[in-house]
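> Just need the whole structure built from these sequences, with the hints factored in.
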Amino acid sequence: MTLELSLNQQPAHARQGSSIGQPLTRRDGFLKVTGAARYAADNHPPGMLYAVLAVSSIARGRVASLDVEAAKAHKGVVEVMTPQNRPALAADPDAKDHPFMFRLDLLQNDQVRYPNQSIAVVIAETLEAATEGAALLSPRYEVLPARVGLDGAESFVPRGVGVGGPAVQHKGDVEAGLKSAKTRIEATYETPAQYHNAMEPHAIVVAWDGDTLSIDTPSQGLAMAQGRIAGLFGIAPENVHIRSPFLGGGFGSKGMISGPQILGILAARLVGRPVKLVLRREQMYGPVGHRAPTRQTLRMGMDGEGRLTALDHHAKTTSSTFDDFFEPAADASHTLYASPAIATSHDAVRLDTGTPLFMRAPGEATGSIALESAIDEAAYACGMDPLEFRLRNYAEVEPMTGKPFSSKALRECYRQAAETFGWASRPLQPRLMRDADGFLTGWGMGTATFPAIMFQAEARAVLKADGSGVMETGAQDMGQGAWTAFAQIAADGLGLDIDQVDFRAGSSDLPNAGIAGGSGHTATAGMAIHNAGAAVIARLADLATGDEASPLYGAGNEGVLARGGRLYRRDDESRGESYAEILTRAGLTEIEGHGKGAPDPASQENYAKHAHGAVFAEVKVDPDFGQIRVTRLVGAFAAGRVINPRLVRSQYYGGMIWGVSFALHEEAITDRRSGRIQNANLAEYHVPVNADVPSVEALLVHEDDPHVNALGIKGVGEIGITGTAGAVANAVWHATGVRPRRFPIRIEDLLG
Amino acid sequence: MTKTTIPVHLDINGRHHDLQLEPRVTLLDALRDRLGLTGTKKGCDHGQCGACTVHVDGERVLACLTLAAQVEGRTITTIEGLAREGEMHPVQAAFLEQDAFQCGYCTPGQIMSAVACIREGHAGSDDEIREYMAGNLCRCGAYPHIVAAIRQAALEVQS
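Protein chains in written order, with the working numbering: chain V, 1 to 752; chain Z, 1 to 159.
If you're looking for bench data, these hints aren't it; they were derived computationally from the structure.
By construction, the Cβ of each residue, glycine as well, lies at the ideal position given by its N, Cα and C atoms.
Please note that a few of the clues may not be correct.
Between beta-carbon pairs, the in silico distance windows are [what the hints assert, rightly or not]:
1. V:E605 with Z:G86: 53 to 59 Å
2. V:P99 with Z:E85: 53 to 59 Å
3. Z:E85 with V:G554: 51 to 57 Å
4. V:M101 with Z:E85: 37 to 43 Å
5. V:P46 with Z:G86: 24 to 30 Å
6. V:R746 with Z:G58: 38 to 44 Å
7. V:A424 with Z:G58: 48 to 54 Å
Listed next, the stretches of chain Z that the computed footprint assigns to chain V, with coverage defined by at least 3 CB atoms under 8 Å from CB atoms of chain V [to be verified]:
8. 41 to 55
9. 80 to 90
10. 105 to 119
Cβ-to-Cβ under 8 Å is the rule here; a few derived chain Z residues that face chain V [claimed, not checked]:
11. R24
12. M133
13. A134
Below is the structure:
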């Protein structure tokens, strides 16, 4: 029976007493500030052993020998797992059945294909013994020359980039557009390899019981991890129980279960005892993904009024020698600026590195810093203010597809952020502003954008005779605030006060909540929750409206409202009764409903769906030493419905700080001779510290979107990094007159 | 193991613990693996991230760079020992209110550092807080809210 319940059709924000939109503090906050939140590595089942990886110190070749005897002779070492004794798997770790199945290094042979690849696992009674045992393995190698850098191998055009989009796309005639242009620019930008570096290293605690597995491990996609593990071990998915109530950060690196996590499961199988395996920080620079480096060339032509006549964006990137993930950097040019001719293309080289992966705004971040820098160059070439230039080229429809936007409050973002920042008084020419201490001061801006993506999710809702509710979905909280935002959506979906809702998430035995990635988790799992709530309320309304003893009798489902644990007649709100009364009279202890979240095919077809924003940055540069400080950041973002402004602001701040990091700090440096990463630690791989981060402001611009989904949610997790990185780079140019062309921006580039 | 271990007596959060440890065991691993005090986190094990910050005699110390045997007889406080009778410390309450964390993994270290930062008299201005909290990395980028939380808590603690 399918019932059309008006609750489902009425905009949720129109309801009174709504939890959605409230700036609640985090429901898991008390656990987190008291140290009681249990992350994967905090678990310690009885009889547990410690496993430590030994990893390759070469980039390419084979392991010629390992001193297993020396390791085993160390007191406390229980076993050493190598390709010789690694338990059998039911599937080849090098098999690839679909694009999201990444090949894993699970000791299937003695080959080394990137630095920090797992080559053995030492299992011991203590962490100290396992660590020492791993050192005692003293591997010897047969070494082959490492292929390093964007010019390190022959390039080719990948079959697909990102999630499988075409590597080459165009509309209109770019060459003709460039030829007819009054002004042209061409510029090449380089971005480095970056590593996610979540504060929590990948960790797994595993216990086998016959053919069932009990696992604690951080996962951004519980159902996918469950399926991958089940496939590798030849057991039913329901035999794999994964708990991931809290992730200590993910940023994409915990989207797919990684090789080292599977090795922990294998180690537990080998020794027949529970095992904990935690990556050391330096071991995270290889097997758990990274953002690939890019070299991007942009060509733009403008007419006499500063309108784009052509936009050409080419990106070269890298992948591993054995698997495919290609950073879709050039695709950033598809959505932001109107141009009669647009071409985007990619090529790539295969290097001796771990396979790159999604890293916060994959493609959008790398592409954005290049595109926003080039737009700034183009504006200057036309003698125009960068904001005026962007408005001149404002896209009223999605440039590449011609589709209308489902909503786009970017003009309002520009206006609010520019006003708050004080942009109007900016001189057009660079190197004209100094502060009281003589520091060169520059102002720059960038446009932010990120697609509003939805995946697939399910949820289960229960209403109980005591008037309370339960909402279940295996959602993942990696810091974005899933425990809180989903409880808010659940409360509104069930028509209950949030304290009356038991929200359950973070476990693989709950309905599949899809992946916490692509900034799509809130929209996807949120819609599943919303629909599950509507389904169970429909059942309840059915009971009430069909019951002669109910004041709602005969109202029909359409005529009923759910609010505060009661159903009301829509035409006469004085008539209603509590959930508890309805269920008790029906003799039911509880009823349940199920819901799904998925993109609507019609709106997919008809609309371009993106969140937008504008970011303005101020930097100060020491005129003698070139030291750069970001002193102010103002962003304004429009991303549809905001579930919890307190948490959303935190997401924007985090993204904007990643943008600062992209422009000024982070970079993995590969030794060209050995292919090893030279700065695989948190001291030399720079991420911003508190003292690097200035005053930050994020304005939440109102935006109603009737097309993305019934709740109007777009997504806020990644957009902050886009726009910001370019804004900082453009501010550096405005301060110094030197155009940054490689990132992170180095002092020596400014002193040139 | 008896021949390779030594007795270590630790005073943690007002409780006395008698342990038998190898000399190479760090304070961090003793807390997490031997005593079940897992609130203190390991982010790098090299003293580079601050996630393992605890107090030894009231001063902030990186537990990953401290051997357990080094702190015998000294007073150790971890995140689990900060709340009093279920009442959050003002810094904990301020972190919660200001949303000064996201994933929460660096948070115990941030909070222990923040408590010491205020006690040291280094919470006088936003810039001073930023500088004296620069040893605690937060990859989520909660820094602006961490500064706001410390500013709020400092006022409360001082009044």
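> For the restraint on A134 (chain Z), tell me whether the closest CB of chain V is nearer than 8 Å.
This interface hint holds because 4 Å falls under the 8 Å limit.
> Count the residues of the segment 80 to 90 of chain Z whose CB lies closer than 8 Å to any CB of chain V, then report whether that count reaches three.
holds (count 4)
> When you take the CB atoms of E85 (chain Z) and G554 (chain V), is the distance between them in 51 to 57 Å?
About 56 Å separates the Cβ atoms of E85 (chain Z) and G554 (chain V), which means 51 to 57 Å holds.
> Can you tell me if the segment 41 to 55 of chain Z counts as covered by chain V, using C-beta to C-beta distances under 8 Å and a minimum of three residues?
Per the Cβ count (9), the hint holds.
> Between M101 (chain V) and E85 (chain Z), does the beta-carbon spacing fit 37 to 43 Å?
Between M101 (chain V) and E85 (chain Z), where Cβ atoms are some 52 Å apart, the hint is violated.
> For the hint 53 to 59 Å, verify it against the beta carbon of P99 (chain V) and that of E85 (chain Z).
Holds: the Cβ-Cβ distance is about 54 Å, inside 53 to 59 Å.
> Confirm or reject the coverage of the segment 105 to 119 of chain Z by chain V under the rule of 3 or more residues with a beta carbon closer than 8 Å to the chain's beta carbons.
Our answer is that it holds, as 5 residues pass the Cβ test (under 8 Å) against chain V, meeting three.
> May I ask you to test the hint 53 to 59 Å on the CB atoms belonging to E605 (chain V) and G86 (chain Z)?
Holds - the Cβ-Cβ distance for E605 (chain V) and G86 (chain Z), about 55 Å, lies within 53 to 59 Å.
> Lying within 48 to 54 Å: is that true of the beta-carbon distance A424 (chain V) to G58 (chain Z)?
holds (51 Å)
> Can we keep the M133 (chain Z) interface hint, with Cβ of chain V closer than 8 Å?
This interface hint holds because 4 Å falls under the 8 Å limit.
> So the hint says 24 to 30 Å: do the beta-carbon atoms of P46 (chain V) and G86 (chain Z) match that?
At 29 Å between Cβs, range holds.
> With 8 Å as the cut and Cβ atoms as the points, is R24 (chain Z) at the interface with chain V?
Because about 5 Å separates R24 (chain Z) from the closest Cβ in chain V, which is inside the 8 Å limit, the hint holds.
Hint violations for this structure: number 4 only, all remaining hints satisfied.
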